[in-house]
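Peer 1: As a plain string of letters, each chain reads:
2 protein chains.
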Amino acid sequence: MKSMETVSYNSDTIVAIATPSGMGAIAIVRISGKSSLKTALKCFKPKKSGLSKENIQSHHLYFGDIISDGKVLDEVLLTYFKTPHSYTGEDSVEISCHGSEFIQQALLQTILEAGARLAGPGEFTLRAFLNGKMDLAQAEAVADLIASESKAAHRMAIRQMRGGFSEKIAELRKKLVNFASLLELELDFSEEDVEFANREQFFHLLEDIRQELIRLKESFKMGNVLKKGIPVAIIGKPNVGKSTLLNAILNEEKAIVSKFPGTTRDAIEDTIALEGYTFRFIDTAGLRDSTDVVENMGIEKTYDKINQASLILYVCDISSMNKGSMKEVLEDFKTFIHDKNKHFILVANKIDKMDEVPEHLKELLELETVFVSAKRKENIHLLAETLVNHVKNDSPGDGILVNNSRHFEALSHALESINEVQKGFEAGIPSDLIAIDLRQSLYYLGSITGEVTSDEILGNIFGKFCIGK
Amino acid sequence: MKSMETVSYNSDTIVAIATPSGMGAIAIVRISGKSSLKTALKCFKPKKSGLSKENIQSHHLYFGDIISDGKVLDEVLLTYFKTPHSYTGEDSVEISCHGSEFIQQALLQTILEAGARLAGPGEFTLRAFLNGKMDLAQAEAVADLIASESKAAHRMAIRQMRGGFSEKIAELRKKLVNFASLLELELDFSEEDVEFANREQFFHLLEDIRQELIRLKESFKMGNVLKKGIPVAIIGKPNVGKSTLLNAILNEEKAIVSKFPGTTRDAIEDTIALEGYTFRFIDTAGLRDSTDVVENMGIEKTYDKINQASLILYVCDISSMNKGSMKEVLEDFKTFIHDKNKHFILVANKIDKMDEVPEHLKELLELETVFVSAKRKENIHLLAETLVNHVKNDSPGDGILVNNSRHFEALSHALESINEVQKGFEAGIPSDLIAIDLRQSLYYLGSITGEVTSDEILGNIFGKFCIGK
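Chains Y and A are the protein sequences, given in the same order.
With the first letter of the first sequence counted as 1, position 214 gets the number 200 in the numbering used here; the numbers rise by one all the way through.
With the first letter of the second sequence counted as 1, position 360 gets the number 346 in the numbering used here; the numbers rise by one all the way through.
So that you can see chain Y by itself, here it is in the shape it has in the complex:
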């Protein structure tokens, strides 16, 4: 078991460009560490003279020049963040310069020459964690927040960054610690054979914790799906119009999004954002550019797609369907539908080729069926609504969702240990052995928020951050 003491921390001065790379009106270079102010003032000449390390105000903007090689590099705004009131908790400086790539690089180089070193990925946030400005789950949420591309992913990340998940874990830990201390109190008095803790209450508490852990563990699937986009598979026999449907859906977004010009994101191929949820279409390479005439609905390939997906659109050509082919579709469909973790939607395509659903196909209405014409883009909005409704029904509102596989693993281990504790009690195993499993589950919960951690764990987590954060 490792504790925070195994983590090394160095408050040397680090620097990085914090704004997105490329050209823009403004860019920000961020400096943090013991000597950050000294380092910055070496190359900053304020417009109003008399500014010094001693009289500079925190959280105030100073206008001045960056001097590099004796020449003015740029006119900038400098802000000093006095420890501990900064993102990292250390003394920090932010310099906002003109966003030419040349200036950004030259300013970075100037600060490096003044004595700072280039920050590693996530090093600012790592320092924030090590200085107690946030716990580990919150720090991880910062990376998620920056990477978030949909409203749903963003909402999860910001809730976690603001400590929602950490509070939940802390609550569970507190209950367990309570439990553990009572148990250990018994051990101290073991010769007298007293039971401080009411066994029945114990079992109840344990079961509560277990249920909570199971719930959190199970939320991972949804959490992960919301973070990465909800995987949707489009399946169906050849010639039913799968590729046309995909294109119609991808076009749908453009009709829905943003009221304001210039605020829409570039569409990423084969994902759409609907009402803040990202839907990710699985393995559509074969669908995109060609008609699907040549594609066979190979069973293996189809199962593969279904395995990856949360939502499955089973497409059929209703216009060419007779009672026999309908039976086939229904059988196909019923083979799949038993998986409770997936939603199957029957998309009855090519309604443009017929007037109404003929009597002999009415059985289709018993399934969740959306009637569309992909070619004429009819009813695509109904399909979009259906997709969104399925996700909304699965989302636990404002509840806590686990969306990080590290947390998922820690929760799984904690649950295993709790199961061991439970079994131990049932088998009448001595309290001192039970206490070990209890401590183990505390350790795993603590690893989520970083109360126990190591350089290796931190390296893994922060190595995935971008530089400048």
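Simulated from the structure, these hints should not be mistaken for lab results.
Take every hint as true, because none was put in to throw you off.
Identical copies go unnamed one by one, so any copy, or any two together, can satisfy a pair.
In silico lysine-lysine, DSBU-like type, Cα no more than 30 Å apart, as pairs:
| # | residue 1 | residue 2 |
| --- | --- | --- |
| 1 | 34 | 119 |
| 2 | 203 | 328 |
| 3 | 378 | 31 |
| 4 | 20 | 34 |
| 5 | 31 | 68 |
Guided by the hints, dock chain A onto chain Y, whose structure is given.
Peer 2: Just chain A now, kept in the frame of chain Y:
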């Protein structure tokens, strides 16, 4: 003749993302206009309560939440810039948020919904100009500054942004205004036939101004070249190693640049930066990927390259050269070298195939010759030095360089008018007619700094800016 009065100005509240597009640790959304603070405070909830429009301090950072649709969108830093102490001169607000693309767009949308409108390209800088925070030449330099990719281009832009060029123009204008008023004084007393201005002094002053205008006009070539990169042509007969030389030069940069990891720019194809100057190789498409065996030194093509270039590298294979082929090279070379605006450098390639320059080739030494082995990358650094030295010799040190074609045109027109004035005096044309040409030259000089301007001119200039600046 148009004056500032024809320019429309509206201080409604505008908003834009000011940092480069994409994902980063931090992004900045910038708001400007009469209601910018009111607009921003509609969606900003400070951590410390009690903040209001009345007690907010200028140039101070406030930590708080952005509330969008009743939910926390992000934790941000907000800065208020009280008029006139802002970039635009208006009341302005900058919000620095987490740099996820989702947050940037959502924050922008939130501010738009709070009543701002999306800023047009360069609209912040346009307002800075209209509010007298900078003149037109300085505003144009802001765009150049952001676009600058080399040290030389950057230095020109920052000098111009800080008013160097504007001062020069103001100085010329002042002299001319002086001159014009004396002339007009004479007109007022024309019936008495007095001459207030000493004619000889007049002619001297006029000639001074003319020379200065000529110098500025001529500096445009260098200024433009420094801004866009110095055009270099590589010419020579087939098989002399032109493509190998190009690759060797392009590799040279990698050996020279940046001491620090992570600070080098991505190399742009077929340009190199040496000592802060960008060299741009002309029409190397035929050289890059193939050996140049098939390429004939077609005279037309060669002249075309030479026309575009400031520096010409004439490559020959010295190892296979006899007295006869040397004569050919010398003759070729001498045909070209008469153009005084271009520098010709003879590159004697393939020195790896011989020990020393044989006696019969010594005549080559009379030219500016660099002996290299492109294949073995020998002496490429000497060639690089030669390139840089030529540019350094042409650069007028810290003198003013014109680098903007709008300025070049205005200077040309101003010069034409001055020539007319001079001719007029010589021909004894009445002073009132001369005064018209004088006013015309004042107009053209004034158009550079924007003392006279129009919506159309401003639209042309600021339309080329990026949004957010």
